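Build the full structure now, drawing on both the sequences and the hints.
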Amino acid sequence: MDNQKNHEIRLKSRPHGLPTTDNFEFVETAVPTPGPGQVLVRNSYISVDPYMRGRMVDRASYVPPFQIGEALTGGAIGQVVASNSDAVKVGDYVQSNYGWREWFVANGGEVQKFEPVAGLSAHLGALGMPGLTAYAGLLRVGALKDGERVFVSAAAGAVGQIVCQIAKAKGCYVVGSVGSDEKAAFLKSLGVDQTINYKTAGNLAAALAKAFPQGIDVDFENVGGAHLEAAITNMRPGGRIALCGMIDMYNATELPPGPNNLALCIGLGLTIKGFVVPTYYDMLGDFQRDMAKWVKEGKMKWRETVVDGVDKAPAAFIGLFKGENIGKMVVRVGPDKAV
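According to our numbering, the sequence shown is numbered sequentially starting from 42.
Calculated directly from the structure, the hints in this document are not laboratory data.
In this text, all values refer to a predicted model and were calculated from it rather than measured experimentally.
Honestly, I wouldn't trust all of these hints.
With a straight-line cut-off of 30 Å between C-alpha atoms, the simulated DSSO-like cross-links for lysine-lysine are [as the list claims (entries may be wrong)]: (1) LYS186 x LYS342; (2) LYS342 x LYS363; (3) LYS240 x LYS342; (4) LYS154 x LYS334; (5) LYS340 x LYS240; (6) LYS186 x LYS334; (7) LYS229 x LYS211; (8) LYS334 x LYS211; (9) LYS251 x LYS363; (10) LYS240 x LYS130; (11) LYS353 x LYS46; (12) LYS353 x LYS53; (13) LYS334 x LYS240; (14) LYS211 x LYS340; (15) LYS211 x LYS186; (16) LYS314 x LYS229; (17) LYS251 x LYS209; (18) LYS337 x LYS209; (19) LYS130 x LYS46; (20) LYS353 x LYS342; (21) LYS130 x LYS211; (22) LYS334 x LYS314; (23) LYS314 x LYS53; (24) LYS209 x LYS314; (25) LYS229 x LYS363; (26) LYS209 x LYS229; (27) LYS186 x LYS337; (28) LYS314 x LYS240; (29) LYS229 x LYS251.
Structure follows, in structure tokens:
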């Protein structure tokens, strides 16, 4: 790749509280050359996701922490431009975990070939990991039954927008919490029954009580904190809480107080279960089948917030914690079409 340069984002320092752009380093390198069994991929889109904040802390977790001075990793969609592998050929579109960069080399077995069925970026969002997270979290972890009452926090985000629509496709009454009137209008366009702007609602538990006079069967929890506490107050007997995320505390510099009403879980017989999506990859086939059906029937739509340029990835990532995205936040780093 004569005259081509690669650009990548490295972790420069570990954030304390909300990350800043000073925690990241923009680096120019040569485009790598694939060796035996390897492929060269030019990324088109990379993903930034809230879970990445936890990987910036030097601690053991279900995925290893990012290392200082190394390029960050994350979901990416790209196209093979050179191949020494029998597994994939030039022109194939592939998914990988080599995000936060424009070009990369990997063994052929480290990328997953796929046929795009929508815009490329959708395979990082509604048709990718966030979509599967919504599907598995609601249907298996939340054990949703048709026609139940569902509350979704961060409902206009990458996962939340899909949770809402799956629940509606199952004939459920759905209420979503958002942080702006624009996001509320988006949810209404998806068929969500009611929305709560938590920034203007005042007492969140009271707002939920008004929206759910008969109580909540399933809480799909993306925020934690006051949202989780309010949901517990309004759960129905036998209700289920699927703990997907707690973005409210990811940048906390000291441990926030826990919900003060956990004792209610005893008498109500509530189930609270945390989960991460890799545990549920066995549902991938069902997810892809059902999503294809819902898209065809017009029951599944999504929005994305697209930022251009790998150098803008840190700002896009930080924007997640400020509520700057509607739907999935993605960064466009290369061409959409065949190279």
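Cross-check of the supplied hints:
1. At roughly 22 Å between alpha-carbon atoms, LYS186 and LYS342 fall within 30 Å of each other, so this suggested pair holds.
2. With a C-alpha separation of about 24 Å, the suggested pair LYS342 and LYS363 falls inside the 30 Å cut-off, and the hint holds.
3. Between LYS240 and LYS342 the alpha-carbon distance is near 26 Å, which keeps this suggested pair within the 30 Å criterion.
4. Distance restraint check for LYS154 and LYS334: the Cα-Cα separation of roughly 22 Å lies within the 30 Å cut-off, and the hinted pair is therefore satisfied.
5. A C-alpha spacing of about 29 Å is found between LYS340 and LYS240, which places the hinted pair at or below 30 Å, so the restraint holds.
6. Straight-line distance between C-alpha atoms of LYS186 and LYS334 comes to about 19 Å, which keeps the hinted pair within the 30 Å bound.
7. Between the alpha carbons of LYS229 and LYS211 the distance comes to roughly 17 Å, so the proposed pair stays at or under 30 Å and holds.
8. Between LYS334 and LYS211, the direct Cα distance comes to roughly 13 Å. Compliance with the 30 Å bound is thereby established for this hinted pair.
9. Taking the CA atoms of LYS251 and LYS363, the gap is about 27 Å. The hint holds against a cut of 30 Å.
10. Proximity of LYS240 to LYS130 is assessed by CA-CA distance (about 50 Å); at most 30 Å being required, the pair is judged violated.
11. For the hint linking LYS353 to LYS46, the alpha-carbon distance of about 17 Å falls within 30 Å, and the restraint holds.
12. Distance hint between LYS353 and LYS53 is fulfilled; the C-alpha atoms sit about 15 Å from each other, no more than 30 Å.
13. This hinted pair does not check out: LYS334 and LYS240 have alpha carbons roughly 36 Å apart, beyond 30 Å.
14. Simply put, LYS211 and LYS340 have alpha-carbon atoms about 10 Å apart, close enough for the 30 Å limit, and the pair holds.
15. Among the hinted pairs, LYS211 with LYS186 is consistent with the structure: their alpha-carbon atoms are about 8 Å apart, no more than 30 Å.
16. A C-alpha spacing of about 28 Å is found between LYS314 and LYS229, which places the hinted pair at or below 30 Å, so the restraint holds.
17. Using a Cα cut-off of 30 Å, the hinted pair LYS251 and LYS209 holds, with the two alpha carbons roughly 20 Å apart.
18. Only pairs whose Cα atoms come within 30 Å are accepted, and LYS337 paired with LYS209 is accepted, the gap being roughly 15 Å.
19. A C-alpha spacing of about 22 Å is found between LYS130 and LYS46, which places the hinted pair at or below 30 Å, so the restraint holds.
20. Restraint check for LYS353 and LYS342: satisfied, since their Cα atoms lie roughly 26 Å apart, inside the 30 Å limit.
21. For a cut-off of 30 Å, the pair hint linking LYS130 to LYS211 is broken: about 40 Å separates their Cα positions.
22. Note on LYS334 and LYS314: the hinted pairing holds, with a Cα-Cα distance of about 28 Å set against a maximum of 30 Å.
23. A C-alpha spacing of about 34 Å is found between LYS314 and LYS53, which places the hinted pair above 30 Å, so the restraint is violated.
24. This hinted pair checks out: LYS209 and LYS314 have alpha carbons roughly 22 Å apart, not beyond 30 Å.
25. For a cut-off of 30 Å, the pair hint linking LYS229 to LYS363 stands: about 22 Å separates their Cα positions.
26. Among the hinted pairs, LYS209 with LYS229 is consistent with the structure: their alpha-carbon atoms are about 12 Å apart, no more than 30 Å.
27. At most 30 Å may separate the alpha-carbon atoms for a hinted pair to count; LYS186 and LYS337 meet this at roughly 23 Å.
28. Taking the CA atoms of LYS314 and LYS240, the gap is about 27 Å. The hint holds against a cut of 30 Å.
29. The hinted pair formed by LYS229 and LYS251 meets the criterion: a straight-line CA distance of about 18 Å does not exceed 30 Å.
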